[in-house]
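Trainee: Chain by chain, the residues:
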Amino acid sequence: MENWLMETFLWNNQQLPVLQIVVPLLAAPLCLLINHRWYNWLFTLAVSSFSFFVAALLLLQVSQEGAEPISYYLGGWLPPYGIEIRIDQLNAFVLMLITAMSTVVLLSAHTSLENKIEIAPDKNTYLYVAYLLCLAGLVGILLTGDAFNLFVFLEVSSLATYTLIALGRDRRALWATFQYLVMGTIGATFILIGIGLLYMKTGTLNMADLAQRLPELSESRTIFVAFCFFIVGVCLKIALFPLHFWLPNAYAYAPTVVTAFLAASATKVALYIVIRFVFFVFGVEFSFTIIPLEKVFVILGTLGIIIASLVAIKQQNIKRMLAYSSVAQIGYMVLGVSLSTAAGLMAGLLHLFNHALMKGALFLALGSILYRIGGVTLRHMQGVGKTMPFTMAAFLVGGLSIIGVPLTVGFVSKWYLLQAMLAEGWYVVSIIILIGSLLSVIYIWKIVEVAYFKPALPNNANVKESPLSLLIPIWILVAANIYFGIDTRLPVALTEQISIQLFQGVAIP
Amino acid sequence: MSVNTLMQLVLVLPLCLVPLILLLRNHPNLREGASILFGVLQFALVWQIFGHFENGESLTLTWFTIFPGLPVAFEVEPLGLIFALVASSLWPLTTLYAIGYMRSHNEQNQTRFYTFFAIAIFAVMGIAFAQNLMTLFIFYEVLTLSTFPLVTHAGTENAKKGGRIYLGILLTTSILFFLLAVIGTWVTAGTLDFKLNGIFASDSSNSTLGILLALFIFGIGKAAIMPFHKWLPSAMVAPTPVSSLLHAVAVVKAGVFTVIKVCVYTFGIERLGELPSTEFLAYLAGFTILASSIIALRQNNLKARLAYSTVSQLGYVTMGALLATPLGIIGSSMHITMHAFSKITLFFCAGAIMVAAHKKDVDQMQGLGKQMPLTFIAFAIASLGIIGLPPAGGTWSKWFLLMGTVESEYWILMVVLMLSSLLSIAYLLTIPLRAFFPKEKPQEELTLPAGKIDLAPTASLVALTLTAIACIFLFWYADAIYHLASKLV
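For the protein sequence lines, the chains are A and B, in the order given.
Take 914 as the starting number for the first sequence in our numbering and just add one per residue.
Take 16 as the starting number for the second sequence in our numbering and just add one per residue.
Simulated from the structure, these hints should not be mistaken for laboratory data.
The beta-carbon is built from N, C-alpha and C at its ideal position, and this holds for glycine as well.
Incorrect hints may have been included.
Ranges between beta-carbon positions, derived for each pair [unchecked claim]:
{"hint": "1", "chain 1": "B", "residue 1": "V33", "chain 2": "A", "residue 2": "I1355", "range": "25 to 31 Å"}
{"hint": "2", "chain 1": "B", "residue 1": "T75", "chain 2": "A", "residue 2": "A1392", "range": "28 to 34 Å"}
{"hint": "3", "chain 1": "B", "residue 1": "R127", "chain 2": "A", "residue 2": "L1216", "range": "26 to 32 Å"}
Make the full structure from the sequences, and use the hints.
Mentor: Following this line, the structure appears as C-alpha cells:
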C-alpha cells in the first residue's frame, strides 16, 4: 500500500526537492489574496502538512541502504555555475523535524490567534504570510547546496521572522524586533563576509566543491578569517551565549504560536548551518585542529548553560524564563558538537531533535494558558493546576523533559551527551551539564509549585480548560516527548547514521 | 498462570489500581476496600513468585528497549525478592492503618493520596525486580516524583518547604551523582546488568571504580548517608501513613536496597573490598549511625526522633554492605526486613498517638500508657526490634552485622554499633517506659470511653498490632530470610 502510494505520487518525482521550497514561497502571497481568517489558516496548515509529507518522503529516500544524496540542479544549470539542491540524511532529518513542528504548531494557530492579547485581529493574514515565508526560508537554508544561496534564504527567513515578532501585541515586541533586526543584520553581514572570502579564495560557492578545495588552502590566513566571520555570524543566529541577547525579548513578546515555531525551528536550522560548515565544508581537521573551535565552544557552551539557567531562575515572565532555558539548552547542543567525535555530534543532533519537542510542547502550553488567563507571569500561573488540569499536566511533562527525567526525551539526550563526554574523559564538563539540569529543576519547580499549591487569583478562579483545538496539538507534542523517550530507535538510528557519515565511517561505540 | 504473566502482573497491578481509585473517588469505603484488596493480591503475587523462585525457575521479563543494549527489564533475585516481600506485605497493612488515620484526622484529598500511594508501590516493584542499573534508576526517579505529592499532602507553607528539601536533595543527588555513576559504569564496563560478582573487567582501574563507588553511595540519596540525610526529617511533614510506609519502608529501603545491589551485583564483594574508597565510606556510614543516634536523642518531636533513628538504621545497612564480607551482606539484607517491620510499627504508634491523644512531643506522652496500652506495648516491642534485643527479629540482623565488623576487623565500627544500640535504648525504650511509669503526673487526664481498651482508631490498632506481632514472629522465623540472603554471597 505504502509503496504503491509512493510510486504513483511522489516517489520517483524528480521535482520533489524544489517543490519543498517553491510551494511555501508561492503560497505566501496567495495568503494575502485569500485574506480570510479561517481559509488562511487551513491553507497554511495544508502547505505545512504538504512540506512535512514531502520531507518524510525525502528522508525515507535518502535513508535507504546505500542511497546517494539527492542532487537537484535548479533551472537545469550545472553546478558550480548554477545552484544545487543537495539532500542527504543530515538536512532531511532537520527538514522533517521543522516541518513536523511547524505543522503541529499551526494546528493550534487558529484558536490561539483569536486571542486579542496576542495579535491585533486584523493582522492575522500578515502572520500567515510571514509564517510561510519564514518556513520557505528555513527549508531553503536546509536544502541548498550553495553557500551564497544559503545566505539569501537566511535573509528571507530572518526578514520574515522580524515581521512575525513585530506582530506581537505587546508594544515591547517592536523594541524586541528592532534589537533582533540589528543583531541579525550584523550576523548576516558576518556570514556574507565569510562566504565572500571563501569565494575569493576558492572561486566556488558550491558547498561540495568548497569541501574539496578547502583542505589545500587550510594554511591560508584568509580561510582562517573567513571561518571566524562565518561562525561568529551563525552563532549570533543560534543565540549562543554571549550572543543571545536578542532571543529572550524576541521570544517573550512575539505571539506564542510564533515563539513555539521559532523555538522549535529557527535556532535548530542555525545549528544545522554550524554542523554543515564545521563538519562538511571546512572539515573536522580544519575546524578542530587548526582553529581551536573546541575550546571556544566548550567555554561558551558551559558558560551558557550555567548563566542562562541562573538568569532563567530569576524570571517572572515564564515565556522569558523558557527563552533563557533555550539559550541554556543550545549550550548542550554546542557542547555535543564541540566534542568533535561521532558520539558527541550524535548527542548534539539528538538534543536538537528532542529540544524541539520539549520547547514546542512548553510554549504551546503557555499559549493555552495565555488564551484563558491572559498572562503568563508567575502570578498568573497561580492555581492553574486546578483550573486547567490538562494544560498544566502537559506543561509538567514538558518541564520534566527539560529536567531530563527518565522516560522523557530529555533523559535520552542527557544520557547520550554524558556518555559521549565520559568516553572522552571530560569529567568537569559532564558535571557542569548535570548542574545545568539541576538548575532547570529549580526554575521548572517554581512554576509547578505556584500552579499546584497557590490558590487561583480571584478573577481567574472560574477559568475553564482550553478548547480541544489547543489541547490536541499540545498533547501531540507531549505524547512525542514520552514516545521518543521510550522508543528511541528512530532518532537514535538516524542521528547515528548521520554522524557516522559526517565522520566518514567512524563507528559510534 | 504462566511465569511471564505473573511477572507482568506483579509489576502493573498497583498501576491498575489507579483508575479504580479515581473511579471510586466518591465512595470512600469502596475506594479503600479496593486498595486493601489490591494490596493483598499484590502480596499473594509476590508470594507466588517466591514459590517459583524457590523451585529454581528463572523469572525474567523485558518490557522495551530504550537504548541499544539497554532494555527496561526485570529479573527475580533473592535480594529483590526480600524487598518486594517486605514492601508488598506492608502495603495492605498500611492501607488498613491509613483508613483509621486519615478519617480520624479528616484529611483532604484522600483520593490523590491513595492514587500516588499506588504509583509509589509500582515504582518500588520496579526497583525490586530491576534487571539492570538503568531500569533501577528509572524507577528510582519515578519513586521520588510520585512521593512528592504525598509529602506535600497538607499543602501548607511548611509542607511546601519540606517538599522542596525532599525533592531538592533527592533529585540533586540522583542527577548529579547517581546518573553520572550509572553512565560512568556503562562507559567503563560496557554493560549495566546485575551479575553476581560484579560486571567490571579485572583490568579496569581501581581508582576509577573507587570514584564510581563514592558516586553511587552519595548519589543514592534515599539511603540517607550524611551529609545527604536532611530530606528524611523534612519528609515527616507528610501524613503518618506516608511516613510509615514510604519513609520507613519503601523509599528508604529502596535506597539501601540499591546500595546493597550495587555492592553485590555491580562491583561484587571481592572487588568492593579492594577499592580505595570503600574504607572511607564505611567509616562515613559509621559516623552517620552514631551522629544521627545522638541527634535522635535530642529530638522532642516523636516523628523527628523516629526519622533520625531511621537515618541511623539505614547507616547500618550501608555500612554492612560496605564491609564487603558475606556476613555483612547477609546482615544488611536481613536488616532491611527487620528494620522495616519495627520502624513501621513505631510510626503507626506515633500516628495513633497523634490522632487519638493529639500529642506529638515525647515529653507529653508520660502516663499515656493507661489510655493506650496496646499502642505502647507495640511501641515497646518494635523498639526492641530496632535496638536488637530478643524477642524481636532485629536481634539477628544486628548480630550478623556485628559479626561482619569482626570478620573484616573494623574494630572501630564494632564499637560504633554497640554504642548506637545503647543510644537507641535511651531514645526509644524510654518512651513506653515513661508512658506506663510516669515520672510526673500528666497535666490532663484523657478518659477512655467505656468498652474500649485503646484510644487509637480501630483500623489503625489492628494494623499496628499485626506489625508488632510480625516483629516477634521474625525472631523465631528469621531462618527463611537468612536462607534467601545467603544466596547473595
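Trainee: Check the structure against each numbered hint from earlier and tell me which ones fail, lowest number first.
Mentor: When the structure is compared with the hints, only number 3 turns out to be violated.
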